[in-house]
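All chains, please: the whole structure from these sequences, using the hints.
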Amino acid sequence: MNTYNLLKISLKALRKNIFRTFLTMLGIIIGVASVIAMLSIGQGSKDSIESSISELGSNLIMVFPGAQQTGGVNLGSGTSRELEIGDVEAIEENSTLLVGVTPVAMAKAQLISGSANWSSSVYGAYANYFDIKALGIKSGRRFSQSEVTRAAKVCLIGTTVVEELFGEYSDPVGQSIRINKVPFEIIGVLEEKGAGMRGDDQDDVVIAPFSTVQRRLLGSTKVQQIFASAKSEEVSEAATEEIEAILMKEMRVGPNDEAFNIRTMSEISNMLSSTSDTMVTLLAGVAGISLIVGGIGIMNIMFVTVTERTREIGLRMAVGAKSKNILLQFLTEAVVISITGGIIGALLGIGVSIGFGNLMGWPVTITPFSIILAFGFSTVIGVFLDGTQRGRRQT
Amino acid sequence: MQAVISAKNIIKTFDLGEVKVHALRGVDLEIYEGDFVAIMGHSGSGKSTFMNIIGCLDVPTSGEVYIDDNDVANYDRDNLATIRNKKIGFVFQSYNLLSRTTALENVELPLIYNPNISAGKREELSKKALEKVGLADRLLHLTNQLSGGQQQRVAIARALVNEPLVILADEPTGNLDTRTSYEIMDIFQELNDAGKTIVIVTHEGDIAKMCKRNIVFKDGKVIKDFMVENPINAKEELAKMPKQEDALA
Numbered sequence: 001m002n003t004y005n006l007l008k009i010s011l012k013a014l015r016k017n018i019f020r021t022f023l024t025m026l027g028i029i030i031g032v033a034s035v036i037a038m039l040s041i042g043q044g045s046k047d048s049i050e051s052s053i054s055e056l057g058s059n060l061i062m063v064f065p066g067a068q069q070t071g072g073v074n075l076g077s078g079t080s081r082e083l084e085i086g087d088v089e090a091i092e093e094n095s096t097l098l099v100g101v102t103p104v105a106m107a108k109a110q111l112i113s114g115s116a117n118w119s120s121s122v123y124g125a126y127a128n129y130f131d132i133k134a135l136g137i138k139s140g141r142r143f144s145q146s147e148v149t150r151a152a153k154v155c156l157i158g159t160t161v162v163e164e165l166f167g168e169y170s171d172p173v174g175q176s177i178r179i180n181k182v183p184f185e186i187i188g189v190l191e192e193k194g195a196g197m198r199g200d201d202q203d204d205v206v207i208a209p210f211s212t213v214q215r216r217l218l219g220s221t222k223v224q225q226i227f228a229s230a231k232s233e234e235v236s237e238a239a240t241e242e243i244e245a246i247l248m249k250e251m252r253v254g255p256n257d258e259a260f261n262i263r264t265m266s267e268i269s270n271m272l273s274s275t276s277d278t279m280v281t282l283l284a285g286v287a288g289i290s291l292i293v294g295g296i297g298i299m300n301i302m303f304v305t306v307t308e309r310t311r312e313i314g315l316r317m318a319v320g321a322k323s324k325n326i327l328l329q330f331l332t333e334a335v336v337i338s339i340t341g342g343i344i345g346a347l348l349g350i351g352v353s354i355g356f357g358n359l360m361g362w363p364v365t366i367t368p369f370s371i372i373l374a375f376g377f378s379t380v381i382g383v384f385l386d387g388t389q390r391g392r393r394q395t
Numbered sequence: 396m397q398a399v400i401s402a403k404n405i406i407k408t409f410d411l412g413e414v415k416v417h418a419l420r421g422v423d424l425e426i427y428e429g430d431f432v433a434i435m436g437h438s439g440s441g442k443s444t445f446m447n448i449i450g451c452l453d454v455p456t457s458g459e460v461y462i463d464d465n466d467v468a469n470y471d472r473d474n475l476a477t478i479r480n481k482k483i484g485f486v487f488q489s490y491n492l493l494s495r496t497t498a499l500e501n502v503e504l505p506l507i508y509n510p511n512i513s514a515g516k517r518e519e520l521s522k523k524a525l526e527k528v529g530l531a532d533r534l535l536h537l538t539n540q541l542s543g544g545q546q547q548r549v550a551i552a553r554a555l556v557n558e559p560l561v562i563l564a565d566e567p568t569g570n571l572d573t574r575t576s577y578e579i580m581d582i583f584q585e586l587n588d589a590g591k592t593i594v595i596v597t598h599e600g601d602i603a604k605m606c607k608r609n610i611v612f613k614d615g616k617v618i619k620d621f622m623v624e625n626p627i628n629a630k631e632e633l634a635k636m637p638k639q640e641d642a643l644a
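So the sequence lines, in the order shown, correspond to chains A and B.
Per the numbering used here, the first sequence starts with residue 1, numbered consecutively.
Per the numbering used here, the second sequence starts with residue 396, numbered consecutively.
It should be emphasised that the hints constitute simulated quantities derived from the structure, not laboratory data.
Among the hints, a few may not be true.
Claimed, not checked - In the DSBU-like style, the derived pairs of lysine-lysine whose C-alpha atoms are separated by at most 30 Å in a straight line are:
hint, chain 1, residue 1, chain 2, residue 2
1, A, Lys12, B, Lys522
2, B, Lys630, A, Lys8
3, B, Lys481, A, Lys16
Below you can see the structure in the form of structure tokens.
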């Protein structure tokens, strides 16, 4: 009996009970489809979380002045030697893994425009601040580094400030506002960013050149924070260490002095992606269980089929089939069911993934791994568990 | 005459744990080429066990069985399967056809397990076998669309298709009415006239009288073995019977 005959006999046997064959296959189809869909959706949501984190500026490195300890009493952040403009210059000169670094001066200020007034935070920084923080411009323009050098009285404002001072749909570019009584020209409006990690309103800001904020609003040479951006997410940890080394040298402190604190967004991003990893594993686990259930379904139905077909098997043996022939026939039937089911399931899974992705606006990532996994699993169940069991019972 | 099947002192004991069942207690039989044998006996007499052994479905506990000079008592399962495939054709009481399968495909079944026969040859031989049993016009009918007599004729065609040395029929008329039984016996008689060796198991005396030789089993032994004088001709009996349509009317 050759392979072609074998396949023909098996297909005929399956076709005789087409509805049952379909139901048997359905278990595998659903199992495979759900594993692929779950893995794709999980992977997609993970990718989507990661990309929205990197939009926030996942390469961002923030340096704060450290806490000062006096006789064992920790006075908290900002009480030790303050950061200086020299620290920024040192980082700028010596770092190799950064694309930009800027000092940040911060002032709480009263904003007045005509009869409206609003209290907001004013940040002073270099022109590259917008790149480092990944801030978009809704209208108008950024300020230039030369405007920073000559302490131009220009500013960009967030959408919350626009709403409070000018009304929701107005474009105040070109108008002037007074910040703590100093008149500034509004040269741009920032794109909306929504709430920050701590629930703060990231659109309630004014950004102005660093030197302007220092001289006009603060009247000091204080640098409250240093923001820097690593070349890529991969090197952000190394960049952090680099900044640490430069600052320790510059400030002449040791690693235990806590003269400054460095925070990065990659810590947050790691936490979030590990959460979504857990979710993917969980989804895959649930889908895997349905695959196993599908496999058990096949086995169950095949057992019934065998009992029902003892007469057929007896007959085949009476007319000269060897036990090998019978075993092969049942094995082939099992393989046909699980492979066909696997293919249909894979197609269905891919379809569901793409459909779900479109519905949710997620980037659905179908990994070949998930297809191989699901497909391989169904074949193993079909062939080994089922085929051998059935065959054995016959011989 | 050449012995097709030769059994020497066959003993078959079934060990059921607590009890041992002695199904055959020393059977010596020879079946010759062209024989038409009816094996009779009550249930439990050992006739079915004997059929299973000469049909290579089972092996004796002791004794020798030769089929066409093959020492099958010492064959392994695969070799027995080959002997069944090439030398023996089976007909069963309940036809044992594959359901929802055409007559032609049922007849092809033994040839599928013979690697020397091509698909084309298979169909040709199967058609010929179905013609011999008068079903040339039913080749592509599904078995469940056929009457009992027609199904048994498909089964006979299946037993014929591999040109076996001997046809073994286990109560081939057991499920059929008298008229259809005689039609089946008519086919067997024709086949026997053409030289086929046939062994049937039956309970019915009139069926046995249509065979050339009767063997009676009792308690695992052969108690009678005789040639039938003037076997009944099934065709003549059929001619005497009222036609089926008339009987219904």
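Against the structure, the hints come out as follows:
no.: 1; hint: A:Lys12 with B:Lys522; verdict: 20 Å, holds
no.: 2; hint: B:Lys630 with A:Lys8; verdict: 41 Å, violated
no.: 3; hint: B:Lys481 with A:Lys16; verdict: 28 Å, holds
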